[in-house]
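The listed protein sequences correspond, in order, to chains A and B.
Start counting the first sequence at 311; every next residue gets the next number (the numbering used here).
Start counting the second sequence at 2; every next residue gets the next number (the numbering used here).
Incorrect hints may appear among the rest.
Unchecked claim - The calculated lysine to aspartate or glutamate pairs, modelled on DMTMM-like cross-linking and capped at a C-alpha distance of 20 Å, are:
hint	chain 1	residue 1	chain 2	residue 2
1	B	K188	B	D165
2	A	K667	B	D165
3	A	K486	A	E458
4	A	K667	B	D48
5	A	K667	B	D46
6	A	K429	A	E578
7	B	K188	B	D271
8	A	K579	A	D412
9	A	K667	A	E348
10	A	K429	A	E585
11	A	K667	B	D125
12	A	K482	A	E508
Rather than coming from a laboratory, the hints here were simulated on the basis of the structure.
Since we're looking at a predicted model, the values are computed, not measured.
Residues per chain, in single letters:
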Amino acid sequence: MTVPGNNLDRWYDSYADRTAGLAASEVRALFAVASRPEVVSLAGGMPFVSALPKELITGAFERVMRDHGPTALQYGSGQGLPSLREHILDVMALEGIRAGVDDLVVTTGSQHALELVTKLFINPGDVVLAEAPSYVTAITVFKSFQAEVAHVEMDDLGLIPESLRQAIARLKSESKTIKFLYTVPTFSNPAGVTLSWERRLEVLEIARANNILVLEDNPYGLLYFGERPPHAMRSVEEDGVIYLGTFSKTLAPGFRVGWALAPHAIREKLILANEAAVLSPSSFTQHVVAEYLGSTDWQAQIATFRDVYRERRDAMLTALDDYLPDLSWAVPAGGFYVWATLPPNIDSRSMLPRAVKELVAYTPGTAFYADGSGRNTLRLAFCYPTPEYIREGIRRLSTVINGELELLTTFDQTGPLPVARVAASISNPPANLG
Amino acid sequence: MVAARQARVLVLAGGISHERDVSLRSGRRVADSLIQQGLSVEIRDPDASLLGYLRSERPDVVWPALHGASGEDGSLRGLLDFIGIPYVGSRAGAARLAWDKPTAKVVVGRAGVLTPTSIALPRDTFRELGAHSILEQISEEFSGPLVVKPAQGGSAQGVSIVEDRALLARAMVDAYTYCDVALVEQKIVGTEIAVGVIDSGGGPVALPAVEIEPRLGIYSFEARYNAGETRFFVPARLDAAVADRSARAALAAHEALGLRHLSRVDLIIDRMGAPWFLEANVLPGLTETSLLPQALEAAGHDLGWVYAALAQAAISESQLGQ
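With the rest of the complex left out, here is chain A (with noise of 0.2 Å):
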């Protein structure tokens, strides 16, 4: 008699392609030792919101309640609070953008609005053009519906309008059908770099001529450091961009509210989509991002946060200078990121076990790629630990670095090193990778 033997899952057969990318991983498995608080984790992309105060928002929650309280408590429209969409529009407004208030989606985090596009775009095999590195749950998103990403090359002006005109006449010359450029354009994740004004235009001018819609994604733009970066793409171009916003970095994301700005016919289609999603994106929260942005002076909190993140940046760059000169990274005028190139025979992905072992934790750039490049490469974030645990963060990082150099000069006199055995890609990400 056969034995059938047991899987521990009788579903197994059963789960759509798609999944193929829903898997725990050694990787994953690692990041959960960064949650510890003797680990110093420059690997999460988590806003600090402490400096938000405390008070504002228990206010804003108790006005919800008495003045609102069966509304917020209740279903809402699957496009979104109106009441809410008028503040988003004071909120773009500082970023160029002029819009109607029926133009938005309200939806739960901008990381829905990128799935809710996606589902309405893609079918398996199509390409989503993005940045080389680009946000990684956005590719896990592109994954899971059976996108095909092909990455376009950057530099520290961002997107290079001629790689990305190669990319397109490449996969055209291919048949393959790009649906459209995905892109961070302002102090990118996990680059850190941001798209020059005239580069906007080109970039928009190469999407236009070979009819590739562009998807705006900008969470970091009002977080800027010095001087204001250029105005976003949808500032200049109604028709052809997507544009995501989102209030998880210049409030909390704990609230989980973001939108999309897209022209009309996607927005209907966004709006059925959502519903059909969640029914409706949270009114409760709705209301209470609602009552924030009316009674308060937001900006005054975002001005806030530039200060306590440009102080952040300012300790992540000294601490690598003192500590990793040899290291070479781009400074971010904004955002949350410092991407940073090793020595090219380390791989940052395999030297993770080493740094969780020294305390620190920092994201493998193999995770912003969807083709397995960047291993020597790595993301450090400074939105979170305090400026001395940043320090103390890279310091450790500096003898974790060192120890895997040693360590391959050791091995290195045997012959060049094969690539890590371990798989390319980052699947199913932590949700507080960011």
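On the provided structure of chain A, position chain B as indicated by the hints.
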């Protein structure tokens, strides 16, 4: 005497080892099972407040579900001995022996159980003697595929199967990212099994062997913790004589290492039906996809009942001064 039904049990899970995530899963499963048995259970992530808590609250028994360092290397168990709080599982000294794979292989080998030819190499040895000459020597001494793993640790983290010698250096580097000593072992081709050993007071008993058949051929971290990625056969598809030899090998390893209450012994059965000892785990995984719970259920045991019985055994032995 504290009866098990009234016992206050502290389950420890988490920690800062590389296996924190697995430990949290094991700990929650153990706690849930004990609660279903009517015990009073608290679950804690060990941190700087733990020892103060233990001294002031004095739980009747600690149920460590900590994988990796501190949980399995004997250090936490030693501290519990100092404080005088009973705990489930092996004593500190025995845990230390089992935790270090090269040491465990020597001890179990001396007890007459086969174990694959191996060499333990600290990373400093490569620096001192030169990587090229050492790797060349390894290639001369061993034939066929090798297994390279950290000398300490679990969940297959840092483990490589090396079939192409050109990949040996990379495998060494990957092992050293987890531990400063790597174990290079001859890979035995055969059936991979795990044998759980349980002793709640009546002497160690071997559970039915669990046969492991990973979908992609290697029992990696991903194959261990993603349901569906490995097919298990409990009892293993072994003839009675081989199953008996495997059980005896597991018991011999458990006893040679001086383990207590529970362990999981990993073996490979070669083509001739001989069991080869790979390693022993003093705190085997207790998650939904782990091997020991499958073996317990296959033997007709209720998990909660067994976990509670082990807690009671720890309390009783402590009261008897054992």
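For a C-alpha distance cap of 20 Å, please report whether K667 of chain A and E348 of chain A respect it. Cα-Cα ~11 Å, so holds.
Between the alpha carbons of K188 of chain B and D165 of chain B, is the straight-line distance 20 Å or under? 13 Å, holds
What's the verdict on K482 of chain A and E508 of chain A, does the C-alpha distance respect the 20 Å limit or exceed it? 25 Å, violated
Given the hint that K188 of chain B pairs with D271 of chain B, test it: the Cα-Cα distance must not exceed 20 Å. Roughly 10 Å between the alpha carbons, so the hint for K188 of chain B and D271 of chain B holds.
Satisfaction of hint between D125 of chain B and K667 of chain A, Cα-Cα up to 20 Å: Satisfied, since the Cα-Cα distance of roughly 18 Å is no more than 20 Å.
Does the structure keep K667 of chain A and D46 of chain B at a Cα separation of 20 Å or less? 17 Å, holds
Holds or violated: are the alpha carbons of K486 of chain A and E458 of chain A at most 20 Å from each other? It holds: about 9 Å lies between the C-alpha atoms, which stays within 20 Å.
Holds or violated: are the alpha carbons of K429 of chain A and E585 of chain A at most 20 Å from each other? Holds - the C-alpha atoms of E585 of chain A and K429 of chain A are around 13 Å apart, at most 20 Å.
Given hint D412 of chain A paired with K579 of chain A - CA-CA distance at most 20 Å: 13 Å, holds
Hinted pair, alpha-carbon criterion (20 Å max): K429 of chain A, E578 of chain A. Please report holds or violated. 14 Å, holds
Is it true that the CA of K667 of chain A sits at most 20 Å from the CA of D165 of chain B? Roughly 29 Å separates the two Cα atoms, so the pair is violated.
With a cut-off of 20 Å on the C-alpha distance, tell me whether K667 of chain A and D48 of chain B pass. Roughly 16 Å between the alpha carbons, so the hint for K667 of chain A and D48 of chain B holds.
In summary, the numbered hints that this structure violates are 2, 12.
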